[in-house]
Amino acid sequence: MEFDRNSVRKVAHLARLELTADEEQQFSGQLSSILDYFEQLSELDTADVPPTTRVIDVSNVTRSDELQPYTDREAILQSAPEQEGDYFKVPKIL
Amino acid sequence: MASIRELHHQLVSKERSAVEITQEVLQRIEALEPKLHSFLCVTAEAALEQARRVDAKIAAGEEIGVLEGIPVGVKDNMCTQGIPTTCASRILENFVPPYNATVVEKLAAAGAVIVGKTNLDEFAMGSSTENSAYQTTVNPWDLTRVSGGSSGGSAAAVAAQECVVALGSDTGGSIRQPAALCGVVGMKPTYGLVSRYGLVAYASSLDQIGPFGRSVEDAAILLETVAGYDPKDATSLKVDIPQYSQTLKPNLRPKGRLRIGVIQETFGQGLEPEVETAVKNAIETLQELGAEIQVVSCPTFRYGLPCYYIIAPSEASANLARYDGVKYGMRVPDAENLVEMYGKTRAAGFGTEVKRRIVIGTYALSAGYYDAYYLKAQKVRTLIKRDFDRAFAQADVLVCPTSPTTAFKVGEKTDDPLSMYLSDLMTIPVNLAGLPALSVPCGFDSQGLPIGMQIIGNVLQESTLFEVAYAYEQSVLWSDRKPSLS
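Read top to bottom, the protein sequences are chains A and B.
Its first residue numbered 1, the first sequence is counted upward by one per residue in the working numbering.
Its first residue numbered 1, the second sequence is counted upward by one per residue in the working numbering.
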């Protein structure tokens with residue numbers, strides 16, 4: 001399957017990833033062969049096979065909703081590249 | 001460096017202090033790191049401080065646990081409070097977690113001495129540590145070759161005795177493959193046995209933390225310390241953890257009571273002849289020890305690789321969306337707006353392989369392709385699981401080579417992602433089925449490079465794996481050989 005540079009750019013944008021022209025070129029070739037490699041899965045008939053969403057069956061895991069305050073609020077704010085007061089600061093959105 | 005039990009004995013009998021043991025390890029790290037590059041960060045001061053606490057307990061006549069005062073390495077994708085956790089990525093270069101992963105809490109509670117954070121492929125994506133943004137960890141047996149990956153730093157550090165045991169994580173073989181390439185024992189436990197809380201997520205339905213050791217017993221001790229139910233991980237299993245290290249015996253079960261299935265599909269194209277010979281010899285040894293050997297078939301085994309390279313990047317593309325330059329990690333300054341900041345920060349912060357997998361995963365999950373890729377792969381996963389179920393109806397454990405080749409040269413596979421992916425051919429199906437498996441050294445090729453045999457167990461059969469690996473290890477003593485470090 002052909003995965004051209006345009007497709008690479010489109011998908012990268014969906015993932016909020018700016019690629020260089022070189023990366024677009026490189027990925028286009030590599031992803032084409034990787035997608036070709038995926039093609040072999042079509043050899044398997046899976047029409048009546050259910051998907052595996054969890055390998056070990058654990059479901060409806062619940063716990064009581066108890067408040068466990070985290071005390072070091074400052075450490076979390078300090079981890080952010082930019083902060084102002086009690087907020088994470090970001091560039092303008094629109 | 002002695003085994004955990006020997007070191008424990010030395011501590012209890014006051015033959016050596018914990019500080020002396022830690023100092024020996026730190027000196028080794030200092031001497032070897034310029035060549036090996038196993039560690040991204042060495043926590044010498046904190047390690048010595050912990051060692052002093054252990055010595056104080058011993059001096060006060062208190063009893064100490066078996067892992068107390070033992071130097072341990074931790075892969076740098078597990079959060080350590082106050083100690084940088086980079087995942088070998090630029091995007092987390094300055095990240096210092098405000099909390100500990102559950103496994104780190106458990107190591108601390110056991111009194112282990114954490115000596116540093118070990119190198120990996122960025123976000124655990126890779127098979128050689130060459131995808132680390134900081135350094136490539138080389139193989140202690142041949143410094144021109146890779147240590148394997150993604151937990152190559154932990155594997156090399158244990159092989160070179162820069163620590164006694166280490167934690168790694170395994171999504172498609174990231175513990176077992178480097179263990180094989182570096183000649184140590186490495187185990188990926190059953191999915192859910194070890195809490196993933198604080199393990200930086202790569203592919204959540206496959207990731208699992210596990211131990212590295214120079215011997216089966218050391219690996220068993222580390223696993224029984226970190227395993228167990230954790231309410232902070234919703235996929236964590238509510239099961240009792242056996243004391244794996246207490247039931248190891250040099251003899252296998254009575255003749256004919258242990259059935260070993262040899263997966264025939266793993267002995268084919270792409271397998272190095274010397275690896276094949278070594279693994280077949282190991283199987284003969286197991287037979288001599290009393291195991292009943294039979295050939296089993298897992299026809300969908302070979303579809304594991306394409307299946308994995310759809311599922312893992314898909315999950316990764318979602319998991320890595322959190323690196324957006326807002327809450328933690330780096331940010332490229334001076335962007336006009338938020339979307340531009342995301343795009344530029346992620347472009348500068350992620351390496352090539354991570355970008356490649358984000359693009360593959362985003363594509364596989366995008367509108368119109370979900371059924372053809374992700375859903376198809378999840379269905380194939382069911383078929384692979386069924387193959388294993390059938391094989392386990394015939395056999396108690398399954399064996400095959402861990403890696404089709406011994407350690408390859410640094411740079412040999414970096415230009416061709418598919419050839420690098422093939423390195424995980426034998427290990428990936430195990431993650432897809434959530435099973436436990438370990439790699440145990442089973443010989444050397446003509447160049448002196450280690451070879452590993454993979455032993456796969458049914459769900460929660462870690463004890464059986466340790467039992468078989470221990471009996472094999474005791475009969476061959478490959479672990480007596482030490483790497484040349486040249």
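Derived by calculation from the structure, the hints in this document are not laboratory data.
It cannot be assumed that every hint is accurate.
Unchecked claim - The list that follows gives simulated cross-link-like pairs (lysine-lysine, DSSO-like), each with its CA atoms no further than 27 Å apart:
hint, chain 1, residue 1, chain 2, residue 2
1, B, Lys344, A, Lys10
2, B, Lys409, B, Lys35
3, B, Lys482, B, Lys280
4, A, Lys10, A, Lys92
5, B, Lys482, B, Lys409
6, B, Lys344, A, Lys92
7, B, Lys238, B, Lys14
8, B, Lys255, B, Lys106
9, B, Lys344, B, Lys35
10, B, Lys57, B, Lys14
11, B, Lys232, B, Lys344
12, A, Lys92, B, Lys327
13, B, Lys344, A, Lys89
14, B, Lys232, B, Lys255
15, A, Lys89, B, Lys327
Stated by the list, open to error - Cβ-Cβ distance ranges computed for the label pairs, FRET-style:
hint, chain 1, residue 1, chain 2, residue 2, range
16, B, Lys14, A, Asn60, 23 to 31 Å
17, B, Gly268, A, Ala21, 39 to 47 Å
18, A, Leu67, B, Glu272, 25 to 33 Å
19, B, Leu143, A, Thr62, 49 to 57 Å
20, B, Arg52, A, Ser33, 53 to 61 Å
21, A, Arg5, B, Asp334, 38 to 46 Å
22, A, Asp4, B, Ser475, 55 to 63 Å
23, B, Asp389, A, Asp36, 45 to 53 Å
24, B, Gln294, A, Ile56, 22 to 30 Å
25, B, Gly368, A, Ile56, 29 to 37 Å
26, A, Leu67, B, Leu143, 52 to 60 Å
27, B, Ser297, A, Asp36, 20 to 28 Å
To be verified - A few chain A positions that, by computed beta-carbon distances, are all more than 10 Å from chain B:
hint, residue
28, Glu2
29, Ala12
30, Gln25
31, Asp65
32, Ala75
33, Glu82
34, Asp86
In this text, a Cβ means the ideal position worked out from N, Cα and C, and glycines have one as well.
Check your understanding: Does the structure break any of the earlier hints, and which numbers would those be?
Key -> Structure breaks hints 7, 8, 9, 11, 14, 16, 18, 21, 23, 29, 32 and 33.
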